[in-house]
Structures are given as structure tokens and as C-alpha cells.
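**Q** Okay, here's what each chain looks like letter by letter:
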Amino acid sequence: MTELGYFRVDAPIPLAEIPSMSAEALEDAVVEAIAGGSRVASLFARPSADESLQVLAVLADPDTGMVATGSAEASQRWRSWMPKVPQVHLFEREMAEEYELELEGHPWPKPVRFLAGKGARVGVTDFHRVEGDDIHEVAVGPVHAGVIEPGHFRFQCHGETVFLLDIALGYQHRGLEKALLGQPGWRSVCLAETIAGDSSIAHATAHAQLVESLCGIEVPLQAQALRAMALELERLANHTGDLGALAGDVGYLPTASFCGRLRGDLLNLSAALCGSRFGRGLLRLGGVGHDVDAALAADISARLGRLEKELRDAIGLLWETPSVRARFDETSVLTPQDASSLGLVGPAARSTGLAVDARLDFPCGHYSRHPIDISTCAAGSVYARAWVRWQELERSIAYVQQLLQSLPGGPIVAAVGAERAVESLAVGVAEGWRGEVWHLAVTDEEGALSRYDVVDPSFHNWSGLAVAMRGQAISDFPLTNKSFNLSYCGFDL
Amino acid sequence: MSMLQHLLVRLRQGHKTQAYPKSLPPLPPRLRGLPVLDPSACSLECDDCVRACPSAALSLGEQAGAGRLNLDLGRCVFCGACEQACPQGCIHFSGNHQLASSTREALCVDSRVQRLEVELEQEMRRLFGRALKLRQVSAGGCNACEADINVLTTIGWDLGRFGIDVVASPRHADGLIVTGPVTENMREALLETYAATPSPKLVIAVGACAISGGLFAGHEEAHDGVGAFLPVDLYIPGCPPHPLTILDGLLRLLGRLPA
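Residue numbers (the numbering used here), protein chains in the order written: chain A, 606 to 1098; chain B, 683 to 941.
Think of the hints as simulated: they come from the structure by calculation, not from any bench.
Every clue listed holds true.
Okay, the calculated bits of chain A under chain B, using three or more residues with CB under 8 Å as the criterion:
hint, region
1, 746–753
2, 767–780
3, 798–804
4, 880–894
Only part of the chain B face toward chain A is listed, based on derived beta-carbon distances under 8 Å:
hint, residue
5, 695
6, 710
7, 713
8, 818
9, 819
10, 829
11, 836
12, 850
13, 863
14, 865
15, 868
16, 921
Coverage of chain A stretches by chain B, computed from C-beta distances (three or more under 8 Å per stretch; other residues unrestricted):
hint, region
17, 721–729
18, 856–867
19, 915–921
As the structure is a computational prediction, the values presented were derived from the model and not from experiment.
Idealized CB from N, CA, C, for every residue including glycine.
Let's have the full structure, built from the sequences with the hints guiding it.
**A** Laid out in C-alpha cells, this is it:
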């Protein structure tokens, strides 16, 4: 077989039905699928029965709303696909690091997370170097100047101009994927909520969908609606925080200070829903743990209505203020070609004009019956990344208001049995505020999770930040970085 | 855009800094704060709560009575699983936001604990009581604790009015506010940041991860919290703690709230 198999995202895929082929044939099939508009959701390895490795390629195909998969065997060596499929570059490095594969033909076969016990020391690796007179190197981190997670950035500069930015992460590595193995349950949901704390709902949703698909469970409509509402509230709070922080980074304090407060008020809506400002404790396998009655729906709706007016005021100032536009417009432009070849997702991709959004491409739960308009902007700049967030704020508010008017009612959780599809691959996908969150798992002969793979949107998008900085002034790095606002722990896992 | 427009927006946004500590800000009714334990109806045959807990925060004494139910608030992620699992209603998460403690031991509570105490020696309070500069270090934090520390610096909370600030350099700091279980990959950076902070200095552990490793306790990739490496002056439980819980802890540490 040399063709990929196409499968639905909401049902388990028996491992026996995944086409197996040579690594070369799989590469060709992946190249062809990407040319046809698919993107790499994940490429990961797992030890197979005979001690060799099985490499699984899982592509997201937006045209059919399905995943395309194929597998190949690997042992000791892996010839890189990167020359033909740049977006696999980190997946291949990840595989090589986890399973000590030798990467052939990869331009930078470096560690991704500096895993304990693999002999690497975090941050000590080959960095890109530009040689020549007047070239200087700027190293930043892991501990940064703000209340922010750790990571290390190396800039190769000529004067103010950045030639290259190399990003080394791994400082936050907590062994998360390993902890998700075995029997899913309350603990695995709690763990999923901490993959990236600001995306608790997105990750918990992807995890729950994956397990529910393995169990063959239909989530009650009311629970689907509340999950969608929580996901949009998460988007609202984070986009508001980002727009405020972008204003702060260009020294425009009115929006910075208004949005700082408004973000908190939006987090409080999540707390009204489930007691936690980050949505902790809302998701359950099979549904949600907290209901919304008519009184609470009316309260949230009224508060959101007031916040919408205040957001419109606070953020509207940005677009009309020349000193802000001078810093946002045409800064750190990313082309749709680069975004697409790097496999970028979320607002970072949509702000180059690419219509990439899991809510549209792989609608699950409430979104499958109630589509949401997605937002794009072609400029690719800091301005575009800000503008897409504002558009999404408006649309998410409208979506939540509509949802609150028409909550279906009924049960909020379905019973989850211990029976799960055996020897299968299952996926869960959700469009978090940073972009697509993919969870993938393989079950053993008893239905226990024997391999778990988390792909946070930041895994793709850090490379986008590095490319967007090329040729920019180093003084624009904080602004550009904020315009992506990526997760460290979601990447480091 | 005219200056008039800016002023109009400013006017409409209004004054948003909370009156706290004069009065408490409204807290969400579903907030899970200090758990109230009442083991009087607890059955000695049942261990549903222990099995439900995702972070091994609960343990059961062998005898009935006050010591039957034991909860380590330093490990608790406040998910409410035990409350739901208990068939007798012995566990209830109250809306009490005051969770901070100056000792690790005091976080291990049973039904007799009403209130957690925060203390600091007089000389440290004299030094830092009116101006405290903190350097934040995330050592494997998931960005939830970090975000709710950050929110204290916004106009809603205005941490600066208490003389407390988060600063960019450890050289300018009077202490560290640490989040995360201390990953092996952040251990060295954390210790170097601590060494770069001039003495005398404070260490504040925020969140279940920083206090005990939380959900990551026992992982070979992490170190079960900051206490393994540094002397901790204040523990603030939660996953993440509510901003009011963090602020309450800081203010009580400095003796800035009435007892």
C-alpha cells in the first residue's frame, strides 16, 4: 500500500487498518497530501512488538474534515523528510530525541526538550551562528524580565537588525505525555488542564474527546454547548490580555491598562461557570461537571454584554492611534507561503490570510451543528495578528451570546465505562485560542493508553516567530513575541 | 483620533481598583476555597475520596474521629473530586479564600483546623513590610499561577499600592515568587536566580506544583517543589490560587492585614 488511509476524527482507528509502507513511500504519500492542502497534525513514533519503531504520520485534511494516516517502520536511522516537508522538522527532532534515532539529512538535528537521562544539558547545543565583522550575538533567558515562563533565545544581529533567531526550549519539561499513559480518568483530565494553563479548556476538551471516541460515548448536548462556551470564554480572556499586552509593548498605556482589568473580568466568567478562572474542574470524561441554569445564563450574558461595550472602547483606540499603528503596521511580516510550509496554526496562520481553524475544518461537538465564522487578515504583520484577535473577540462574544439564548438543557454528563477500543489510534482536536490542539493516543490490547502524543499549537508556531523576526529590529522582538504569545510548557510538555 | 475620544473612553472605563482590603471583592459562588472536613459520618470501610483524588492529597486515619480525614493542602489541586465522591458529605470546599501558610506542616489539615497562620519574624517585617520587590521564577509552571500573579499588577488589584512590585532583575529583588514543580531543566536557573538575589531574602511558593510537585510529584523530570532546594517563607496553595488568595498571603506575611 502506498496511499494514506482516511478516517473520521471522532472514532477510533484500528491500528490494523492504518496503511503500513516503507518510510520512502510514506514520505511520498505525505508530500502528495500536503500538496493537496493537508497539514501535519502529528508525526510520532512508538515502540512496536518486535522492538523496532513504528512511525505514525497523522495529517489533518481540511477538505474532508478527516485525518489521513500511514505508518512506517524505523530502526536506528531516520532519513529526514524536511527538505520536502519543512513542517515536520520539529516532529523529526522530537522522534530522534525520544528514541535515539539518527537523523539523516536534517539541517539541525538538535534536542527539542533536553530530556533527562539522554545526556543533553538544557540550553547547551549548537546554535545558528552568523560569522563576520560587526556581527554580534544576543542571548536572552531562560529567566526573562517579566512574569513569564522560561526559554532561551539567541539572536544573530548586525547592528539593530536580526539576521537569525534561534529558540531553545525544554526548561519546562515535566514528563506530561508519560503521565497520561494507562487508564484515563479524573487524574488524566486534571493533567490535561495543566498542559498549558491558559489553554486548560482546549487541552481538556481534546483529551476528553479522545477518550470519549475510544469509549464510543455520545456527549450530551448541554455538555457540548458548555464546553464550546468555555472554549470561547478562554479565547476571549486570552485575546483581550494579548491586545492589552501588545499596547503595553508599544507604550500605549490606555488600552494596556483597560485590557488588563477586562481580561480578569472575562476570567471571572469562567469562574462563574465552574469556580476556576482557568476553567479547572469543568471538563469531565463524558461531559462537564457544572451546569448553567437560566439565572446563571442571564447573569453571564448581561456581564458579557457590558464587557463587550468596554472592550470595544478599550481596543477601538488601538486602530485609530497613529503611534500604535506606526509600530504595528508592517512589523515582523510573515508570508502565507512561510506560514503554510511551517505548518502554522491559529491566529498566527489566519493573520497571513490562511483559513486554518479547527472549528471550521474539524468541527466537533457544538461546533458541528453551530458553525462559527472564522477571521483572517492578509497582512501577516503584528497589526494583522492583533486585528485577527479583535475580530475573533467580536465573533466569540456573539457566539457565546447566541449559545446562552439557546442552551439545549438536559443531562451534562454521560456515563463512561471502562471498555475502550483496543489496539487503536484515537485523536481529539480543539481550536484553542492559540490554534489547533491535537491529542493522539494508541491503545494496547486491553484498551490502556500505551502512547500519548500532545501537539500544542505552539509546537508549530515557535518557528513562525523565529522566521518573522528575520530582518527585523531587535527592539521589535518583545512586540513580535507578544503578537504570537506562545506557550513554553505546552511545547515542553 | 481626537484627544477628546481618549478622554471619553477613559471616563467610561471608570475607576476599577478594588476597595480591598477595606471590603472583600465579590468571589464566584462556585469557588473552591478552604475545604471544611467533617469526618463524623465517615465510614471506616469507605475510601472513595482517597481513590478520587488526582494528586494523592487525601489520606485516611485508621480511627474514627477528628484524625480520620487528612488533607494536604500543599498537594490539593482543588478539583472537588473528593467532595463529589464522598457518599456522606464529609468534605466541603468552602468559599474561604485564605489558604496561605508560613509552614509546610500546617498545610496538612484535618477537621480541627479552622484557620491557617502566616508569620514572619519582626526584623523581616520591618525591612519588607512597606516595600517588597519580588522576582518571579516559573520553574515548570503551566502559566496559570503565573497569570494570576500577573493579574495582581493590573489596575483591578493594583499591587503597587501595597508597596509590593514584581521586578525584572533578581538584583533588585527582596525575594523570589516561585511557580512550578521545579523541573530538572530549570533547577540550575532557579538556584542561580536565588543566588543573585541579595540577602536577606524571602521565598514564596505559589501553587500545588511549587509546594509539593502537585500533579507532577514523583516525576523524574521534576523535583516535588521549591522546598527541596530553598527555604520557603510562604506557601500559597491552589491550582492556581485565586488572585485574592495570593494577595491575602502576601499581605499577611508582611503583617499588613488585621489578624
